[in-house]
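J.: Listed below, chain by chain, are the residues.
2 protein chains.
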Amino acid sequence: MAAGTLAHLSPLDPKSPEPYYRQIYGRFRNAIASGTLNPGDRIPSARALTQELGLARGTIDAAYGLLAAEGYIQARGQAGTMVSPSLRPRMPVAREQPVAATPYTPSFRPDSILPFQMGLPALDVFPRKIWARLGARAARAMQPIDMTHPAVPGLPALRAGIAAYLHVSRGIDCAPSQVFLTSGYRHTLELVAQALLKPADRVWFENPGYPPTRELLAAMRLAGVAVPVDAEGLVVAEGLRLAPKARAAVVTPAHQSPLCVSLSLPRRLALLDWARRNQSWIVEDDYDGEYRYASRPLPALKSLDRDGRVIYAGTFSKVLFPSLRLAYLVVPEAQVERFERTQAMFAGGSPQLTQAIVADFIAEGHFARHIQRMRRLYAERRDATRIGLERVLGAKVRIDEQPGGMHLILRLQGRRSDRRLVARMREEGLFAEALSDWAVDRDIAPALMVAFTNIDSTATAERLARRILPLM
Amino acid sequence: MAAGTLAHLSPLDPKSPEPYYRQIYGRFRNAIASGTLNPGDRIPSARALTQELGLARGTIDAAYGLLAAEGYIQARGQAGTMVSPSLRPRMPVAREQPVAATPYTPSFRPDSILPFQMGLPALDVFPRKIWARLGARAARAMQPIDMTHPAVPGLPALRAGIAAYLHVSRGIDCAPSQVFLTSGYRHTLELVAQALLKPADRVWFENPGYPPTRELLAAMRLAGVAVPVDAEGLVVAEGLRLAPKARAAVVTPAHQSPLCVSLSLPRRLALLDWARRNQSWIVEDDYDGEYRYASRPLPALKSLDRDGRVIYAGTFSKVLFPSLRLAYLVVPEAQVERFERTQAMFAGGSPQLTQAIVADFIAEGHFARHIQRMRRLYAERRDATRIGLERVLGAKVRIDEQPGGMHLILRLQGRRSDRRLVARMREEGLFAEALSDWAVDRDIAPALMVAFTNIDSTATAERLARRILPLM
Chain P
1 MAAGTLAHLS PLDPKSPEPY YRQIYGRFRN AIASGTLNPG DRIPSARALT
51 QELGLARGTI DAAYGLLAAE GYIQARGQAG TMVSPSLRPR MPVAREQPVA
101 ATPYTPSFRP DSILPFQMGL PALDVFPRKI WARLGARAAR AMQPIDMTHP
151 AVPGLPALRA GIAAYLHVSR GIDCAPSQVF LTSGYRHTLE LVAQALLKPA
201 DRVWFENPGY PPTRELLAAM RLAGVAVPVD AEGLVVAEGL RLAPKARAAV
251 VTPAHQSPLC VSLSLPRRLA LLDWARRNQS WIVEDDYDGE YRYASRPLPA
301 LKSLDRDGRV IYAGTFSKVL FPSLRLAYLV VPEAQVERFE RTQAMFAGGS
351 PQLTQAIVAD FIAEGHFARH IQRMRRLYAE RRDATRIGLE RVLGAKVRID
401 EQPGGMHLIL RLQGRRSDRR LVARMREEGL FAEALSDWAV DRDIAPALMV
451 AFTNIDSTAT AERLARRILP LM
Chain A
1 MAAGTLAHLS PLDPKSPEPY YRQIYGRFRN AIASGTLNPG DRIPSARALT
51 QELGLARGTI DAAYGLLAAE GYIQARGQAG TMVSPSLRPR MPVAREQPVA
101 ATPYTPSFRP DSILPFQMGL PALDVFPRKI WARLGARAAR AMQPIDMTHP
151 AVPGLPALRA GIAAYLHVSR GIDCAPSQVF LTSGYRHTLE LVAQALLKPA
201 DRVWFENPGY PPTRELLAAM RLAGVAVPVD AEGLVVAEGL RLAPKARAAV
251 VTPAHQSPLC VSLSLPRRLA LLDWARRNQS WIVEDDYDGE YRYASRPLPA
301 LKSLDRDGRV IYAGTFSKVL FPSLRLAYLV VPEAQVERFE RTQAMFAGGS
351 PQLTQAIVAD FIAEGHFARH IQRMRRLYAE RRDATRIGLE RVLGAKVRID
401 EQPGGMHLIL RLQGRRSDRR LVARMREEGL FAEALSDWAV DRDIAPALMV
451 AFTNIDSTAT AERLARRILP LM
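First to last, the protein sequences are chains P and A. The numbering used here numbers the first residue of the first sequence as 1 and each following residue consecutively. The numbering used here numbers the first residue of the second sequence as 1 and each following residue consecutively.
With the rest of the complex left out, here is chain P (with noise of 0.2 angstroms):
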C-alpha cells in the first residue's frame, strides 16, 4: 500500500496514552483482522511511512518490530513489506487422539513451595508490606453495607479496574459489566460450562494441556476433542477435521499450556472464523500473558474478536498469588445477562475483603508496578534457571527456546521415561512435572518442565541441577 491503503487506517492520537508505535501497530492489526489488508498485500516500508506520519523512524521500527514478530507481516527484501501470506490455516497432518480415562491427580498443588514448582509466582518478592496495609485499611473500613451479600460478579471498583487494565495491557475493550468475578479456572470453566454448554457438546482443548481443563470437561459430561499443539500453536485444521461442529474450544493463546509456544495469527484467524461461522465459543485462558520476555505482551486473542464469541479468562493467581482465589472472565456484550443469571445461580460471590484489597492494589498502581517488576526479574530469573541447569545437565537435555511463561521445557536427550525421572525428583523433594502427563498422545517426546520463577540465581539452578543430575 502506499497512502491509499494508509488512508484505511484510522489516524494517530497524540493525546492517547498509547505510544505511537503501539497506536501503528494496533492500527494494522485491526486493519488485518477486518480484511482491509489482506494476506499478501504490500504495506510502505518502515522508510516510507516514516516520512508520511512525521515521525521517528525508531517508532515505525518497533511497530513493525512486533508486527513481524507476531507473525502479521513480513520483510520480503526487494519486494518490501507485505501482510504474511501464510495468514491463512495450514493443513498439518494429525492423528485422531482417544481422550486418556486416567485423571491427573492434583498432586501438582501442594500447600508447599518446592523447587520447580510450577503455577506459583514468585513468592519471596512479593510486596507484601504493601499488600498488608491494603489488607488493614480494608478490614478497618469495613461498613455494614459491605457486610451484606456482595454483588455476585463481582465488587463494581474491582470489575472496573480489571477492565481498565485489560485495555491497556492485553487490548481488549470491555465494560465492567463484561467482567465477572469467579474463584479460580476451575470456576471460570465451569461458570462457562453452565451457561454456555449441555452435556454432550463436543469442546476442543489441547494436546498436550494443562490436566485439569480435559479433566473438568469430563466430570461435566462434555465431550473433549483433544486436539494437537505444534509450534504455532493450536493446530486449528485438526480441529476443524476431528470435530467440526464442536461447541466450544479452550486455548492458551499468549504462551501454550505447557508448551509456551504462541498461537500464530493465521491459527488465530482461523479459529474465530471457525467460531464466527460455527457459532462456537473460544475460552481464551490467558493465565499468564503478561510474562512474555521476547518482546511486549501479545494482545489477547480477545482483542482481535468481532463477533463476540471469545470469552476472556483471567485470573490473579500468577500476577498476584495462589490463595487469594480470584480469577475472572470477561463475555462478549450479547451473553451478560446469560452469565448474570448463570452466576446467581451456581454462586454467591467472591468475598468483599479480598475484593477490596485487589481493587485498591489495581486503583494505587502498585498491580502494574508489580507485573513489570515481575516481567523483568522472570527475565532474569529464566536465564538463570535456563545458563544453571545447562551448565550442569549439558547433552542430556536441551532447553526448548520459548518466547515467556512461567517455566522451562527441558527435552530429555535418549528418549528418558520423563515420569519415571519425576518420580524420583519427588523423592528427593524437587517438584517437576513430566509433559507425558500433560498429554493425551503417549508419543510424546519426553520433556521435564520446571519452573523458574522461584530459583534466584544461577548458583541455584546449578545446585538443584546437581540434584537432579544422579537420578538421571
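Hints are supplied without guarantee of correctness; some may be wrong.
[To be verified] Below, a list of computed lysine-lysine pairs in the DSBU-like style, where the Cα atoms sit at most 30 angstroms apart:
1) P:Lys198 - P:Lys245
2) A:Lys129 - P:Lys129
3) P:Lys198 - A:Lys198
By construction, these hints were calculated from the structure, which means they are not laboratory data. Since we're looking at a predicted model, the values are computed, not measured.
Fit chain A to the known structure of chain P by using the hints.
T.: Frame of chain P; chain A shown alone:
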C-alpha cells in the same frame, strides 16, 4: 423403666464441660435413637430419677423439660412419663406437587440493607473493631507459604475450629477432616450433587422451602420432588409416597425455612430410617440452628446419624456476615475421600485471608461470645418487632408462634395476596418476602416474611408498620 432401663444409659461424666441436665438429655436421646428405648416405654418420673442419680431436682426437670419440648417424651399424669408413642411417623394427607418452572429471581439479596430484608444478621452490632484487628493481624502475618494454593477443603485451623464448635453447640462428633469449606450454600449444594448424585436423580425438597434449593436442583438437572411441610416439619411419609426411591432429601430441621418449625423427633427418626434402608442422602441445611429462643438450640439431625447418611451444611453468613462467603459441610467419614476428590476437581478452595481471620475469631472465643450475644439480642428484637407490628397492624395479621429463626411470619387475614402486598412494599423500600413465592403449592395461605434481626426497637417496628398499613 426403673433402674433396669437406666442401666442402658451410659454413666454421667462429672468432668464433662456439659452440665448434667444436658448429659441426661443426651443419654435419653441416644437411647431413643438407638432403639434402647422404644415409643411407649415408661421412663422414671423426674422425682425417681432425682433420687436415683443423687442430683438436684432442677437438673432432672431441665433435662425432662427439654426432652418433652422436643417431642421425645410425654408426661401422662398417673401413667407416669414415657417415650412419646407418636415417635412413629403418622401418615398425613397431601397432594403431589408439580415443580414450579418459574425461577425465583435472586432479588431478595440486593447489595443493600432494607427494612425486613431476610438473610441478614444484625449488622449494626457486629464486633467490627475486633474483626478489623484480626484482619490486620492476619494480613501482616501472611508468609510466602500462605500465598500458595490453599488446601482445597480449607485451612486446617479453621476445619479444627469448626469441628470443635459443632461438637459443643450442635452435638455433632466429627473429625476436622470431615469438614469442607465452601463459598456458600449454593456451592455446598452443588458440591454434594457433584460428589453423590447424578443427573435425573430424584431429590426431595421442602414445600414451602428456600427457593434456591429447588432452583439449584433443577439447574443441576436433578429431579426435585416437592414434599409438603406441616407443623412438625417435612412430612416424611409424604416423601415416601411421592418418591420412595429418591436419592436424597434436602431439609432444614432446626427451623424449617421458611416456616421456622422444628422437624419433630418422630420425623427425624423416620427420615434417618428411610435414608438407611434406601441408601439415600440427607442434606441437613442448618443455616440458623443457633438462633432458637424458646430453649437451648436443638442438636442437629446429624447428631443422630448412626449410618453415615447425613451431610451437614452450615454457614457463616448468618452467624458472622454474608460477604465473607464462607460456608461448610460435614460429610460422613466414609465419604471424605470422595468429597476431597470432587472438591479438588471443581474448586480451588477459599481465600486464605478470610479463612485465617475466621479461624482466629473462633479460637479466641469471639465466635462463641458473638453467637450468645446475638441469641439474646434476637430474642429481644423478635419480641420488640412482634409487639410493634401487632400494635399497628392489629387484626390484619396473625403472627406465627415459632421457636426460633431470624424472621416472623405474618399471616394475612382475609386472604389478601401476599405477592401484591410485597410488590407494593418494595416500591416503598420495605423488603418483605411473600410466602407464596417460597411454595410450589399455589394454594398456600398468604403471609409476609419479615426479618427482625435489624429492627432495633418496638418504636422502629411501629414506624415500619405504619408504612405497611396503607398498602394493605
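J.: All the hints need checking, so say for each whether the structure fits it.
T.: How the hints compare with the structure:
no.	hint	in the structure
1	P:Lys198 - P:Lys245	holds (14 angstroms)
2	A:Lys129 - P:Lys129	holds (21 angstroms)
3	P:Lys198 - A:Lys198	holds (15 angstroms)
Hint violations for this structure: none, all hints satisfied.
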